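**Q** Chain F is already provided as a structure; the job is to place chain E on it using the hints.
Protein chains: 2
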Amino acid sequence: MPASDDPRLVIDGSPLPDDLDERIRQQLTFVAEADRLKTILRASPLAAASRRENDAEHSWHLALMVMLLAEYSDEPIDVGHAMQLVVVHDLVEIYAGDSPVFDPDAVVDQVEREEAAAERLFTLLPPDQAAHVRALWDEFESAATPEARFCKAMDRLEPMLLNWLNHGGTWQMPGATESTVRAREAGVVAASTTLGSVTGRLVEEGLRRGWIRADP
Amino acid sequence: MPASDDPRLVIDGSPLPDDLDERIRQQLTFVAEADRLKTILRASPLAAASRRENDAEHSWHLALMVMLLAEYSDEPIDVGHAMQLVVVHDLVEIYAGDSPVFDPDAVVDQVEREEAAAERLFTLLPPDQAAHVRALWDEFESAATPEARFCKAMDRLEPMLLNWLNHGGTWQMPGATESTVRAREAGVVAASTTLGSVTGRLVEEGLRRGWIRADP
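Just so you know, the protein sequences line up as chains F and E, in that order.
Using this note's numbering, the letters of the first sequence correspond one by one to residues 1 to 216.
Using this note's numbering, the letters of the second sequence correspond one by one to residues 1 to 216.
Check each hint, because a few of them may be wrong.
[Said to hold, decoys possible] Only part of the chain F face toward chain E is listed, based on derived beta-carbon distances under 7 Å:
| # | residue |
| --- | --- |
| 1 | S59 |
| 2 | L64 |
| 3 | V87 |
[Said to hold, decoys possible] Over the 10 Å line for every Cβ pair with chain E, so calculated as not near, a few chain F residues:
| # | residue |
| --- | --- |
| 4 | L20 |
| 5 | Q27 |
| 6 | R36 |
| 7 | L46 |
| 8 | A47 |
| 9 | S99 |
| 10 | E112 |
| 11 | Q129 |
| 12 | A135 |
| 13 | E139 |
| 14 | E178 |
| 15 | E205 |
| 16 | D215 |
| 17 | P216 |
[What the hints assert, rightly or not] If you anchor each label on the Cβ, the simulated ranges turn out as follows:
| # | chain 1 | residue 1 | chain 2 | residue 2 | range |
| --- | --- | --- | --- | --- | --- |
| 18 | F | L9 | E | A116 | 36 to 46 Å |
| 19 | F | S50 | E | D105 | 27 to 37 Å |
| 20 | E | E204 | F | L9 | 42 to 52 Å |
| 21 | F | M173 | E | D21 | 25 to 35 Å |
No wet-lab data here; the hints were simulated from the structure.
Quick caveat: nothing in here was measured; it's all calculated off a predicted structure.
Even for Gly, the Cβ is constructed at its ideal location relative to N, Cα and C.
One chain only, chain F, in its complex shape (with noise of 0.2 Å):
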């Protein structure tokens, strides 16, 4: 959903003491543009409110899902490597938004926007760094790794959980029917046959229930 247009950074609202430290004064910069993530509108629903998710939100849920689930990865994984690929998995979406996956105009030029939003972003950080949050970031999209893996499948079974508890949510989306919503299960499959099997009767019921619509 709508990312910042604002060419100004968030520290600039408020600089920091000329004195610091330049590291510092970079790492902070991040921390306080990273702040944007919170207002980044994701397409489902929360359960426990009526209101959609964000970001912020979201990457801090994956994080506690890591750590309770990991033991279903089908390959061993490092847990605390997990989680610092989910917390900066979406960062990007501080420029370039989020993409619903059941709307195709939202994905055209995807790669290009987060390309450039990474650009911008982690370029704020000291350049080692900047270098460590980018190979982060590629290690999750490239799905490149066990741990990639598992939280691709995280990425995807934490909104399938959303949508069942809303009885819908984005499973209602005009572009979402049994095959594009199996196309996001296959993500939670490739990582963990035992995660994979739970989705496969969360989709089986959801069909049964009207929640996800057959295929035209």
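**A** Structure of chain E alone, referenced to chain F:
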């Protein structure tokens, strides 16, 4: 801020299919209940929007700060372990509510309320994971390890930065004056000489600019 008085669990609004494995059922019940953390408001204002921060957003921001600022811990820390501490550190507020530090009424009974909340919330998990999350929460609360001390420092630094970015924020609450703000700053100093000196500069400047009141 007001915690949930609803005696029902989030999952009761949409029970999971009957045939799920009991362990996974318990874990998903907890993951669904955790959605409530997104509804618990803190006193701190965001920097990027005109509203207060919720506990889930706050916990995510701390996880990011742990990753990026760990180099300033006076003692070496395990970043992955520290991230687990911050992800769970406020969960009990789902039932106990937030207790703003500058509000003397809010901290009455805080320990008892949080203890009861921990018992109610963590026992939704399978016993081994209930014990693990409880141990993480106890470690954080008691500041018993270098990781816990650094996480507590982040838990002090983040709202100070939000206050700075808001030209006052919770520093303007009735109970806040230089000495109570300095008492918060002490939590940063205790874990990081470098970040303690940064917060010292923010407080000095905040006093000079009238964003923090002098003691009466």
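**Q** Are the hints correct? Go through all of them and say.
**A** Here is what the structure says about each hint:
At about 5 Å, the closest approach between the beta carbon of S59/F and any beta carbon in chain E falls short of 7 Å, and the interface hint on this residue holds. With a cut of 7 Å, the hint placing L64/F at the interface with chain E holds, because the nearest CB-to-CB distance is about 5 Å. With its C-beta approaching chain E no nearer than about 5 Å, V87/F sits inside the 7 Å limit, and its interface hint holds. With a cut of 10 Å on Cβ distances, L20/F falls inside the contact zone with chain E, its closest approach being about 6 Å.
Its closest Cβ contact with chain E, about 6 Å, brings Q27/F to no more than 10 Å, contrary to its assignment away from the interface. Once the 10 Å rule is applied to beta carbons, R36/F is inconsistent with being away from chain E; the minimum gap is 4 Å. Interface exclusion of L46/F from chain E breaks down, the closest Cβ pair being 6 Å apart, not more than 10 Å. Non-interface status of A47/F relative to chain E is broken: a Cβ of that chain comes within 10 Å, the nearest being about 4 Å off.
The claim that S99/F lies off the interface holds: its Cβ sits roughly 20 Å from the closest Cβ of chain E, which is beyond the 10 Å cut-off. Distance check on E112/F: its Cβ is at least 24 Å (rounded) from any Cβ of chain E, clearing the 10 Å threshold; non-interface status holds. Annotated as non-interface, Q129/F brings its C-beta within 10 Å of a C-beta of chain E; the closest such distance is 6 Å. Once the 10 Å rule is applied to beta carbons, A135/F is consistent with being away from chain E; the minimum gap is 13 Å.
A cut-off of 10 Å between C-beta atoms confirms that E139/F is not in contact with chain E; the least separation is 14 Å. Consistency note on E178/F: stated as away from chain E, and its beta-carbon is indeed over 10 Å from all of that chain's, at 17 Å minimum. Chain E draws E205/F into its interface by the beta-carbon criterion, the shortest separation being 5 Å against a cut-off of 10 Å. For D215/F, the shortest C-beta to C-beta distance to chain E comes to about 22 Å, beyond the 10 Å cut-off, and the non-interface label holds.
Distance to chain E confirms P216/F as a non-interface residue, since its nearest Cβ pair spans about 26 Å, more than 10 Å. The hint said 36 to 46 Å for the Cβ distance between L9/F and A116/E, and at roughly 43 Å that hint holds. Taking the beta carbon of each, S50/F and D105/E are about 29 Å apart, inside 27 to 37 Å as hinted. At roughly 23 Å, the beta carbons of E204/E and L9/F sit outside the given window of 42 to 52 Å.
The hinted window of 25 to 35 Å between M173/F and D21/E holds, with their beta carbons roughly 30 Å apart.
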